[in-house]
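Engineer: Protein chains in written order, with the numbering used here: chain L, 1317 to 1656; chain X, 144 to 541.
Since the hints were derived computationally from the structure, they do not count as laboratory data.
Quick caveat: nothing in here was measured; it's all calculated off a predicted structure.
All residues carry an ideal CB built from backbone N, CA and C; glycine is no exception.
Any given hint could be a false lead.
Unchecked claim - Between beta-carbon pairs, the in silico distance windows are:
id, chain 1, residue 1, chain 2, residue 2, range
1, L, Asn1527, X, Gly185, 54 to 60 angstroms
2, L, Lys1450, X, Ile382, 15 to 21 angstroms
3, X, Asp391, L, Lys1450, 27 to 33 angstroms
4, L, Asn1527, X, Ile283, 50 to 56 angstroms
5, L, Met1653, X, Val184, 42 to 48 angstroms
6, L, Asp1529, X, Ala389, 43 to 49 angstroms
7, L, Asp1529, X, Met515, 28 to 34 angstroms
8, X, Ala183, L, Pro1654, 33 to 39 angstroms
Stated by the list, open to error - Partial selection, computed: residues in chain X whose CB lies under 8 angstroms from chain L:
id, residue
9, Ile221
10, Ser297
11, Leu315
12, Phe347
13, Arg350
14, Lys353
15, Gly402
16, Pro408
Next come the chains, spelled out residue by residue.
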Amino acid sequence: MKSGLFAAAAAALVFGAVTTAQAGPTLDAVKGRGFVQCGVNAGLPGFGNPDSAGNWTGLDVDYCRAVATALFNDPTKVKFTPLSAQQRFPAIQSGEVDLLSRNTTVTLTRDTSVGLNFAPVTYYDGQGFMVNKKLGVKSAKELNGATVCVQSGTTTELNLADYFRTNNMSYNPVVIESNDEVNAAFFAGRCDVLTTDASGLAGTRAGVAPNPDDYVILPEIISKEPLAPAVRHGDDQWFDIVKWVVYASIQAEESGINSKNVDEFVSTKNPEIQRLLGVSPGMGKALGLDEKWAYNVIKKVGNYGEIFDRNVGPKTPLKLERGLNALWTNGGLQYAMPVR
Amino acid sequence: MASETRDTVRGAQGGSSFSLSDPTVRAVFYQVLVVGIVVAVGWYLIHNTLDNLSRRSIATGFGFLEREASFGIGESLIDYSPRDTYGRAFLVGVLNTLKVSVIGIILATVLGTLVGVARLSSNWLIAKIASTYVEIVRNIPPLLQLFFWYAIVSDSMPPVRQALNPIPGVFLSQRGLFVPVPVADPVWGEMGFALALAVIVAIFVHRWAKTRQARTGLPFPTGLTTLGLVIVFPLIAYIAGGAPTALDVPQLAGFNFRGGSVISPEFFAILTGLTVYTAAFIAEVVRSGIIAVNWGQTEAARALGLNSGRTLRLVVLPQALRVIVPPLTSQYLNLTKNSSLALAIGYPDLVSIANTTLNQTGQAIEGVAMIMGTYLTISLGISIFMNWYNKRIALVER
């Protein structure tokens, strides 16, 4: 208890008045404010990254827009807060952001003692290694004694230690806070290996490497990294909204509804689609939203497949295949719970 | 304070009725009121935080320090592996911070003194070089300077396989400076013991020389004797121990050099950055201290027949130090606290490791409290030492 008090005293200093911010449910606060505050990655191509015109782009960013659209029927009603890996949890815990959509891996610790509730997974990822071709390395098992560049405050840091321990190999970590500095150190030659989520490696190789062909991503995927949006404990209604916005986007793809053809489906006879699009009412009311919440999301942001293809798919610089992120009907893991 | 207590007692005895027009009662009333408000606000914040944390079921307490850290650390003064606890990882960070702070303070003092004296030089070129250094370095934010030094290593040094080899056994590359170190041998411990012995003997010689000079006026070359002692004693121990010459020479094996000792680019960058930055401020402190001593003091010392070395050592420096030490203390504290910028270039200092810890455990409040507590302890330690030193050199009025 004594330590608890000490911690609280520190909290008083650190968080100041923020601790009193949680007066009512998040939905009321967001509606009153008129926009969603969303924590995103400051520079991860494909997931959260400002483009050359300063507009935020990425898969995580689009889910912020989807939540805003479900609330306000306007994807621009979002204020993006770029967060480092270390800033993200204090930001969501303290109420600085309403929604954390920042390639965050779902883990037990984060679900419990960090105080988060995770929405459905928006990207199934796994940790990989990238090396310079000149090293002639073909497998991660050959990396004994290597110097490894890694970003601080991520599950990546832990998986790395676990993997080398399991395989009885030693390594020398260079741990840097900012993603940009980690990449700079790797491409300058400070490290033999760069490690992060495989999608991140693809993005970095495509967007940051001086010559992408000089680098090779090793075949081993050493961890499960299910990336999902998160909200804080204590507001079930807000959690439900974020959860079902994600499910709605996945269900839309499964039902063949996209941003271009959604209007044709409004006159459908299929009761499942009628419920989803709000033609037969009830679902919106249950969530505390407008009945056309899912229609608006699909119309203005798109279904899961559209969001994926636009940000990370084969036609983008990241050139990622659907893989585990294909619908369950196509052998992947994306599976929406029934909207009824 | 004493008179106030007396007043209060008198007020309590004299006035049986409570009246705010009584200055004594009024003074007590407002003090109690202010303390009461401070306590109430503090209680409100603590209560509210604990309440919010438990409502969102966020873990509290320091139990996590016992759990396995399972993350790696690049460089450590003590044995560490990912199997060790968060507590030990934090200790590694504290030691790394102390390492860069202590070495940085020593180097910055030496460099700062040289530059400060150089700025007062009558040689135009030396004085201008020193002022240019001070004006450029102290006007650029330290974080940018760290990036600069780090980039110098990673961009201008050769890759590890084409490492420079200026002296046999010494390798310089993007991975740092690898140097051979003597293989572990009991003789190194014995030499340390001999060195300690030499220092003790030197202290006695110093005392004896002082009393003899006070009695007879004859000076004794204490400095040279001390130098001789600290060299000869360990040398005897080294030869007596068999004079081992075996070296652990770094070898290129696999991805990196193995063996020997390494100065990592991260350590080099943070140490150089902090030293160069703080030295610019120390140079100004030293310059102001020397200027503060009246030229008449030097003339008087010369008139008494002291040579220039003794004039500096016995007359100018003791007076200059009184001006120099208090602001110098601030610079030492700045250097220590600026070492927290290490995170940006990947040196595993205490902030870097505490940040990783609080991120893995989600206990930001405890982590930040530990960082603050540690910096406070280190800074207070430096303050206490420097205040003690300041008192020692203070002008003694006779």
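Engineer: Give a verdict on every hint.
Structural biologist: Hint-by-hint comparison with the structure:
1. L:Asn1527 to X:Gly185: 54 to 60 angstroms: 58 angstroms, holds
2. L:Lys1450 to X:Ile382: 15 to 21 angstroms: 49 angstroms, violated
3. X:Asp391 to L:Lys1450: 27 to 33 angstroms: Between Asp391 of chain X and Lys1450 of chain L, where Cβ atoms are some 29 angstroms apart, the hint holds.
4. L:Asn1527 to X:Ile283: 50 to 56 angstroms: 32 angstroms, violated
5. L:Met1653 to X:Val184: 42 to 48 angstroms: 47 angstroms, holds
6. L:Asp1529 to X:Ala389: 43 to 49 angstroms: 47 angstroms, holds
7. L:Asp1529 to X:Met515: 28 to 34 angstroms: Given about 48 angstroms between the Cβ atoms, the range is violated.
8. X:Ala183 to L:Pro1654: 33 to 39 angstroms: About 53 angstroms separates the Cβ atoms of Ala183 of chain X and Pro1654 of chain L, which means 33 to 39 angstroms is violated.
9. Ile221: At about 17 angstroms, which exceeds the 8 angstroms cut-off, the nearest Cβ of chain L leaves the hint on Ile221 of chain X violated.
10. Ser297: Interface hint status for Ser297 of chain X: holds (4 angstroms vs cutoff 8 angstroms).
11. Leu315: 14 angstroms, violated
12. Phe347: 47 angstroms, violated
13. Arg350: 47 angstroms, violated
14. Lys353: Interface hint status for Lys353 of chain X: violated (50 angstroms vs cutoff 8 angstroms).
15. Gly402: It is violated, given that the least Cβ distance between Gly402 of chain X and chain L is near 12 angstroms, above 8 angstroms.
16. Pro408: Holds: closest Cβ of chain L sits about 7 angstroms from Pro408 of chain X, inside 8 angstroms.
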